[in-house]
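*Asks:* These protein sequence lines map, in sequence, to chains D and L.
Heads up: take any position in the first sequence, counting from 1, add 1282, and you land on my numbering.
Heads up: take any position in the second sequence, counting from 1, add 1282, and you land on my numbering.
Worth flagging that the hints you see were computed from the coordinates, not collected in a lab.
Treat the hints loosely; a few may be bogus.
A pair holds if it fits inside one copy or across any two, identical chains being indistinguishable in the list.
[Unchecked claim] In silico lysine to aspartate or glutamate, DMTMM-like type, Cα no more than 25 Å apart, as pairs: (1) K1325 to D1374; (2) K1325 to E1307; (3) K1306 to E1484; (4) K1306 to E1319; (5) K1459 to D1495; (6) K1443 to E1421; (7) K1311 to E1431.
Number of protein chains: 2
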Amino acid sequence: MIEVIAFDADDTLWHNERHYTEAKEIFTKILARYHDERWIEEKLDSTELQNLNRYGYGIKSFALSMIETAIHLTEGRITGNEIQEVIAIAWDMLRKPMEIFDGVRDTISALAETYKVLLITKGDLFEQEAKIARSGIGEYFSSIEIVSEKTPQSYQAILNKHQVQPQNFVMVGNSLKSDILPVLAIGGIGIYIPFETTWVHELVPEEELADKDFIRLASISHVPVMLASLTSPVS
Amino acid sequence: MIEVIAFDADDTLWHNERHYTEAKEIFTKILARYHDERWIEEKLDSTELQNLNRYGYGIKSFALSMIETAIHLTEGRITGNEIQEVIAIAWDMLRKPMEIFDGVRDTISALAETYKVLLITKGDLFEQEAKIARSGIGEYFSSIEIVSEKTPQSYQAILNKHQVQPQNFVMVGNSLKSDILPVLAIGGIGIYIPFETTWVHELVPEEELADKDFIRLASISHVPVMLASLTSPVS
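Whenever a hint applies, use it, and build me the whole structure from the sequences.
*Replies:* See below:
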């Protein structure tokens, strides 16, 4: 019997990666007179990945990575005013209106009548809380869990807190790395809903999926029917 | 009967404000050729306070505020290399060794034998988790709660989670604003242990304390004796 169904937030319930992609385009334009586009993007991506251990996830980390990249790529010749333009990119990201995916509100509110519904998101506490508040759908979740990394350990801690066994726990998300593999590792059920863009940091090599069992759905709207089939015996 | 005793972390268990003070001194030196010290400090403080709503707490927010201040105070004339020096200040802060206050380890480990001991800290999730891990005293806490703001609501949510009544809950911390007043507001007991420096943002005007009852101790080592006197009837 499924008792608890948990949802990832970014790019599962609402757009997120899009804002980073747009931000990178503006950043590239600011640096266009110093370098070609491809090189700027590559350098920013590698700085971002390197800085994850230093800063964690989120827009503030991304802003610091953009600034560092800009200084590095211009060998310090970038001007203060250009860096202010880079900071303004982050300011815009922080106040972007929430774009909730189609079907999310209906699906979550319907599921909340039958199951305990959680939101489990990783990243910057302050930024994620602000997004949940602005989303207007926070009320449907019986608990919101914000973790710094989605690991088997962090999922197990959440299951303990809610006193649910892994076999009665379903996680829905767009990241195989963060939403599916760690949940399978502790014996839970994973529902993968791929999104158009996956951040390079979240990609999983095909061989890691070879012996894994999980459900793949095209839309969050298909979750209730799938859950109903999971809870009724297959005849 | 006291059941749960919770501790703030920064400047209650270990040094924190000191690192910001040192960082501001280095920042001021970097900008020394543009402005006088006092003016730089004032401008940084006001930028920091303004940015709390935008960024939340923590070193990444502080780094972005330093960069913004540096650009503003130099009217954009600051060089990329000087901004890299400012970023390096934040990097140093992020890897500062933990300086645990005297008596903390003995006090917390002794209390953990009698009470449920929590750590409740506000700020950046990633940075606070890293500090707790490096502190080596995380194991003594039965739960660690990291919140974006310490409000009566966020304390009440923690009390609900741990199923404790406010009158059986004690909060120990160095900030009247964050550790004491919101706990008193929900009917809990506050133990205030002042620290040598209080961040301007955490200061509370004297009139707000006029009708408030709380305990003030000179050292965390005095907490166990005070708790024992709270739990035994005064004859």
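*Asks:* List in ascending order the numbers of the hints, as given earlier, that are violated by the structure.
*Replies:* 7
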